[in-house]
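J.: Chain by chain, the residues:
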Amino acid sequence: MSNVKSSADEIAVHGQESERYYTRFNGLQKCLHTVLFIAFLGLAATGLPMRFSTNIWAQKFALYSGGFGVLLWVHKICGVALTIAFLVNLKDLAERVLIKKEKGIFWGPTSMVPNFKDAGDMLKNFAWFVGLGEKPKIERYAYWEKFDYWAVFWGVTIIGSSGYAMWFAPFFARFLPGWALNAAQIIHSEEALLAVMFIFSIHFINAHLRPDCFPMDMAIFTGKITEEEFKTRHPQEFERLKAEGKLDEKLTTKPEKSLIVLSQVIGFLAIAVGLILLVLTVVAYFRE
Amino acid sequence: MDGSCNYQGDWKRFFLFCGTKPVKLSATDAGTESADLPNNHTGRYLTTHGSALTSTGNSLLLWKTLVLGIAGILLFLTPVQKLHAQTDCLSCHGDTTMQDAAGHNVGVNGDTFKASVHGGLACKDCHTNIKAYPHPDKVEPVKCVACHADEVANSAGSVHASVPGHTCASCHGDIHAVFPKGDPKSNVYPLNVPRTCGTCHGDANVSKQHSMTNVYPAYMDSIHGFALSKEGLLVSANCTSCHGSHHILSHNDPQSPTNKANIPATCGTCHAGVVTDYMAGVHGKAIAAGNMKAPVCTDCHTAHAISQPSTALSTPLCGSCHADKLTTYRDTFHSHVSSLGTYVEVARCSDCHGSHEILPASDPRSPVAPQNLITTCGKCHQGANASFVQYQPHANPHNRHQSPILWFIQFAMGMLLLGTMSFFVLHTVLWFIRSEVERAKRGSAKGEKDV
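Chains C and R are the protein sequences, given in the same order. Take the first sequence: its position 140, counted from the start at 1, is 140 in this note's numbering, and no numbers get skipped. Each number in this note's numbering corresponds to the 1-based position in the second sequence with 288 added.
If you are wondering where the hints come from, they were derived from the structure by calculation, not from laboratory data. From a predicted model like this one, the values you see are computed outputs, not experimental measurements. Some hints here could point you the wrong way.
Distance windows between CB atoms, simulated [stated by the list, open to error]:
hint, chain 1, residue 1, chain 2, residue 2, range
1, R, PHE711, C, GLY131, 12 to 22 angstroms
2, C, TRP73, R, ALA574, 36 to 46 angstroms
3, C, ILE276, R, THR557, 53 to 63 angstroms
4, R, PHE711, C, PHE168, 31 to 41 angstroms
5, R, GLY671, C, PHE268, 39 to 49 angstroms
6, C, ILE276, R, HIS448, 54 to 64 angstroms
7, R, SER710, C, PHE171, 33 to 43 angstroms
8, C, THR157, R, ALA574, 45 to 55 angstroms
Note that the Cβ used here is the ideal one computed from N, Cα and C, for glycine as well.
Construct the complete structure from the given sequences, taking the supplied hints into account.
T.: This is the structure in structure tokens:
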């Protein structure tokens, strides 16, 4: 806590203008997240009316948006966009591993792969929730952020493959038994339901509505975090980089005001759409 | 002439009338003269009491005077005269605006009457208690039964028998202007029947009063009503085609052509081919076997509106009996499209099972028989193969015994959802509370963000 206080004092001394910014996400990551959330909103908005097709809101939405044909078309377009984003992510990973021979992708402090520290962090966090002990010192990716990543990774794989199986059913039926098509629909719709419920409640609260982040964590939009945010949210990474002397490599400029405003508008729009869909989904789900 | 005056006993006006308005004879009455002759001086005219005269030009006035004189004398001598033909009555009642003391119209359009189906009859044939003039103020109601015994007997046993004021005239209109049912002027001409019945059955108040459905609008918008009213198609079903005319019975009556058991035969009167298919299918066989739970034509098509159940309405329709099949259909992509898609063709019940000749999957002729599935599914799914058609369009993943694999997948997915959400809801709620507590603790700490 002394670190935090000293940094706060520092800011008070140097003034708001001198607050330092660090790079957290690169251009590709920001871009993939943007494609991901737009496609996800599109998929959810067109998929949920199909999942809950007997609900009046679903039918009205279909009617005013031009009918089922339009919904399915938008759904497929978004699905393809998400598939491309997923493949770009895979390509980037392959490039970094095979060509750039980058280390620490599969294991280590900056890896997305869950490790023992994550398990420890989670236990410590629960202990902290109930007033036992200190907050865990988070590395580059917190365990809940890793979960978000793998949830999307798994979700896109499973929802995507089952979606394509339904889209090109006669083709897939050449290799798959008939019941697999039934299974594809169950998996597609149930996994999508989980994704919708998770993203529109847990992810939104973690990244936007939680008192620490409220009104919105801008990092994924601007790609930048303040020194204070860095120290408080990813203390382990901050300390590691400082010790390695690599902290200054991450220094960057203050994000442009226009970019922040744009991000906030888009972010809140996404939250609004998501929350409406969440309410409709939860109501329809429990009425089933 | 004053139409509202009461002629009965008005001797003075009677004489005036006889003198100034001779009544022209029809061909039937006059025998040799044509009814088409213009009303000029060469026509044969009849005075009130049957004296035939030939008037020529200037002699008319003379004749009139003479006739008046004779008539006066005759009337004086015999105040009650026998009536012989329509013309006797029409000399008074020929004024179509004539009213009786109670204000009822008692006028008859002689020309229309003569052209009508009853035109060959004398007034007294129906108004049997009027034998002479002057006739009593009160005349007995006409009894149609005297000639139309069968029709009256049939009507007496019909649903209309108990309706006060429902007489022959209610449907046939003015009895002095009844035409054969093949005549477009007739109220019961096929193209006029809906309008005639609609007088009551298209009146919301009347329908409400008798707790009936106001069927006329539904009928007029139906394929039958459209064919009849817009295309003038005589063979299109009108009210009487299904309900009969005089002997109309409640659909609850086993004798009624609209009784559930008789509906296929009734519709089959015209739709012979469809009924043959229907009777060969499971529904027709069930009805023939006396299972009245099975649907007949009207259960799917409705009776009056004759809807085309190829729309999204067809699934709840079939589902009203096949509830379990509707539930499993609802889970499928077919249903999702069906519920939402206004512009997309999608498999609904009849697309796979057929409509009239529905056969069980065990019947090799059934489109859902295993050997026919590739053809049936292939109607929409080009390239459907033997594996593809193993897809279960009515799979029930909630039934462990029916579809064990799907049940397990559904269960696993449900657990994944429940587990993930439970964990993270707990995680988030605790975190949220802790953050709020931390913030409250440091409420006074200046500008320090909660960690």
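J.: Now look at each hint and say whether the structure bears it out.
T.: Results of checking the hints against the structure:
1. R:PHE711 - C:GLY131: 12 to 22 angstroms: holds (20 angstroms)
2. C:TRP73 - R:ALA574: 36 to 46 angstroms: Between TRP73 of chain C and ALA574 of chain R, where Cβ atoms are some 43 angstroms apart, the hint holds.
3. C:ILE276 - R:THR557: 53 to 63 angstroms: This hint holds: roughly 55 angstroms between Cβ atoms.
4. R:PHE711 - C:PHE168: 31 to 41 angstroms: Taking Cβ atoms as reference, PHE711 of chain R and PHE168 of chain C lie about 35 angstroms apart, which means the hint holds.
5. R:GLY671 - C:PHE268: 39 to 49 angstroms: The hint (39 to 49 angstroms, Cβ to Cβ) holds, given that GLY671 of chain R and PHE268 of chain C are roughly 46 angstroms apart.
6. C:ILE276 - R:HIS448: 54 to 64 angstroms: holds (58 angstroms)
7. R:SER710 - C:PHE171: 33 to 43 angstroms: Since the Cβ atoms of SER710 of chain R and PHE171 of chain C sit about 38 angstroms apart, the hinted range of 33 to 43 angstroms holds.
8. C:THR157 - R:ALA574: 45 to 55 angstroms: holds (49 angstroms)
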